[in-house]
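Peer 1: Sequence:
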Amino acid sequence: MPEFAAAQPQGLVKAPGPTPAQKLTEAQTAAMSAIARAAQEAADAARPGSDRGAEWQDGAGKAGPDGFVADKAPHGLVVRVFLYIVVGHIIAAFIFLLFTIGDA
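Taking numbering that gives the first Met the number 0, I'd label the letters of the sequence shown as residues 0 to 103.
These are computed hints drawn from the structure, not numbers from a lab. Any given hint could be a false lead.
[Stated by the list, open to error] Pair ranges (Cβ atoms, derived):
#1 H74 - A33: 56 to 64 Å
#2 G87 - D43: 50 to 58 Å
#3 V77 - M31: 49 to 57 Å
#4 A103 - V77: 45 to 53 Å
#5 G101 - V78: 29 to 37 Å
#6 A37 - V85: 41 to 49 Å
#7 H74 - L23: 49 to 57 Å
#8 H74 - A30: 44 to 52 Å
#9 I34 - Y83: 48 to 56 Å
#10 A33 - V77: 48 to 56 Å
#11 A30 - G75: 47 to 55 Å
#12 L82 - A30: 53 to 61 Å
Just so it is clear, CB atoms sit at the ideal spot from N, CA and C, and this is done for glycine as well.
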């Protein structure tokens with residue numbers, strides 16, 4: 000058993016990867032700067048104050064405190080509330096009849 004334990008690594012094992020002393024090539028540096036520029040352009044385009052950001056909408060409706068309630072209310076809300084009330088009354092009537100018939 001001691002020979003098995005001795006073969007196991009002790010402590011943390013460093014993952015393979017570039018050492019800090021390695022320098023990036025010109026192609027890697029150019030690729031990283033192109034990615035950074037594209038990310039910055041995408042972030043600028045998504046801002047509501049920018050000219051391209053003004054065209055973008057997430058479908059949340061009009062802005063303001065009442066915008067979400069007015070625009071995002073479910074279309075079938077009235078039907079569902081009506082059905083819940085009707086079903087609730089039917090269940091209540093069934094329980095009432097159980098107690099009424101049970102007393103007789």
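Peer 1: Against each hint, give a clear statement of whether it holds in the structure.
Peer 2: Tested hints:
{"no.": "1", "hint": "H74 - A33: 56 to 64 Å", "result": "46 Å, violated"}
{"no.": "2", "hint": "G87 - D43: 50 to 58 Å", "result": "53 Å, holds"}
{"no.": "3", "hint": "V77 - M31: 49 to 57 Å", "result": "55 Å, holds"}
{"no.": "4", "hint": "A103 - V77: 45 to 53 Å", "result": "39 Å, violated"}
{"no.": "5", "hint": "G101 - V78: 29 to 37 Å", "result": "35 Å, holds"}
{"no.": "6", "hint": "A37 - V85: 41 to 49 Å", "result": "56 Å, violated"}
{"no.": "7", "hint": "H74 - L23: 49 to 57 Å", "result": "55 Å, holds"}
{"no.": "8", "hint": "H74 - A30: 44 to 52 Å", "result": "48 Å, holds"}
{"no.": "9", "hint": "I34 - Y83: 48 to 56 Å", "result": "52 Å, holds"}
{"no.": "10", "hint": "A33 - V77: 48 to 56 Å", "result": "53 Å, holds"}
{"no.": "11", "hint": "A30 - G75: 47 to 55 Å", "result": "51 Å, holds"}
{"no.": "12", "hint": "L82 - A30: 53 to 61 Å", "result": "58 Å, holds"}
The structure fails hints 1, 4, 6 (numbered hints given earlier, in ascending order).
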